[in-house]
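Using the sequences plus the hints, can you model the full thing?
Respectively, the protein sequence lines represent chains R and F.
The number in this note's numbering is simply the position in the first sequence, starting from 1, with 136 added.
The number in this note's numbering is simply the position in the second sequence, starting from 1, with 4 added.
For the record, the hints were derived by calculation from the structure and aren't laboratory data.
Note that CB positions come from ideal geometry on N, CA and C, so glycine has one too.
Keep in mind that a hint or two might mislead.
Claimed, not checked - Far from chain R, some chain F residues (derived; all Cβ distances over 10 Å):
#1 Pro28
#2 Asp87
#3 Ala167
#4 Glu252
#5 Arg255
#6 Gln256
#7 Asp295
#8 Gly296
#9 Ala311
#10 Thr319
#11 Pro321
#12 Arg329
#13 Pro331
#14 Val338
To be verified - Facing chain F, a subset of chain R residues (Cβ under 8 Å, in silico):
#15 Gly199
#16 Val202
#17 Leu219
Residues per chain, in single letters:
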Amino acid sequence: MGRVADRSLLLAVALARRGATFVVVGSAADRLATGQGLPADLDILVRPGAVPALARALTDLTGSPVRVQRLLTRDCSRFLTWLGPVDVFIGDLADTGAPDRRTS
Amino acid sequence: MSARTGLLDGEVALLRAVQAATGPSGEPVTSPLVLEAIDDAELLGPRHAYSLLADLAVPWRRHLPLVDGVGNWGSRSGDSPADARYTLTGLTAFGLLALAADRGEVGPVPLGLVDGTWWHGGLQPPYPPLDVLRALRTRDTSGLVPCPVTGGTVAGDLEGLAAGRPTRLVLGSVLVPEQAVRYTPGMPPPGVEGGWWIGDATPLPVSDPTASGGIPTDVEGPASVDQLVVTEVPYGVDVDEVTRLLDERIRQEHGGVDGNQLHYDLGAMLPGPPIPLGPLDRVQDETTGRDGLRIVCVLRESADPEAARERVLSTWPLTITVDARLPAPLTDLVTGWDAGDGSGLSALERLLRA
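What follows is the structure in structure tokens.
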């Protein structure tokens, strides 16, 4: 079970190690904060200014080119990696009213 | 929902429309005729109806396909069905039984309980047909656990699921360890009678140091390593995606940015000492229509098979999570199910054992 429960967190670490800056939201954030839960995927919130770095990280991790424009023109984009799916939301943490537990 | 079959009313109406096109026997006819009958019944537009027919027909969606699809109805690798002009559509014996039960000609059949709703994105998991029949006859749900049509493992809070609570289940793949066939140049493969070799070289035992003829008889081919073979994947997983992402992981672990430093202690959030290259050497899809699913993960020389197994299973989507919930506690579903005179159960059992 552990290998599945922490896979989304490993994915967040992998993206961060590749220079992406983002906020983890959703069930993976719950798991980070409480150690509980079984995230099905990784949901991240990215500021528009941080999208180019995220696109580079996703390109490396997925093995196929990820275009900045694709990310910027959609509210939510899904990418499949060997650590599971990642849903990318474009916006700012201030818009969500969520507690500030930023990772980078 | 149809109380006599457990199917949704729309599904039963669709089956009726299929039978209107095929006649009472359900023998397959060209698919546009069926789509026209569905359109005439004002159930669905042809495009959506065809996709739904495919879901009812293919054996990797339901334990008991209701529609008999002849021709190219797609694949588990995400290929779409051929155009309706090139396929035939009819009713399977299970589809005919569902309609007979719906008309009251035989007793109720538990098709909804067997196949659940996962096949169309719902929350109710499927169960093994014969186990469901046994449970309905004995009114005993012990040993009745979800069983995806595509096989694989199911783990998680199965007690919570049986109690009717929303549950997140973990679906895993099945790996079979294999000793790779060891080929020796100039010698027939093991288990093959007689011999075959190229040119006029004389095949000699590998251990013979006097081997000649220019054949490097002391060298074994790259296939002489152990391998793990994926024979079952979680429900709904695209088989091509499995191979692609396993391959991508191996690529990164062999030279990606920091692939093999990814498995450090997450709690400490600090990189640990670099670990050796991953235990997997390469992956190859040897799936065929005859032999079924066979994705071969070749291990690196002297790699630990257990580490390799863990590495394969931790790769998405070889292990996935799915949400599940039963409409009521399992014991209520089974004990409260009205079998009528039991003729539906008997007819279903005859079909399953045929």
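Hint by hint, work out which the structure violates, then give me just those numbers in ascending order.
Structure breaks hints 4, 5, 6, 10, 11, 16.
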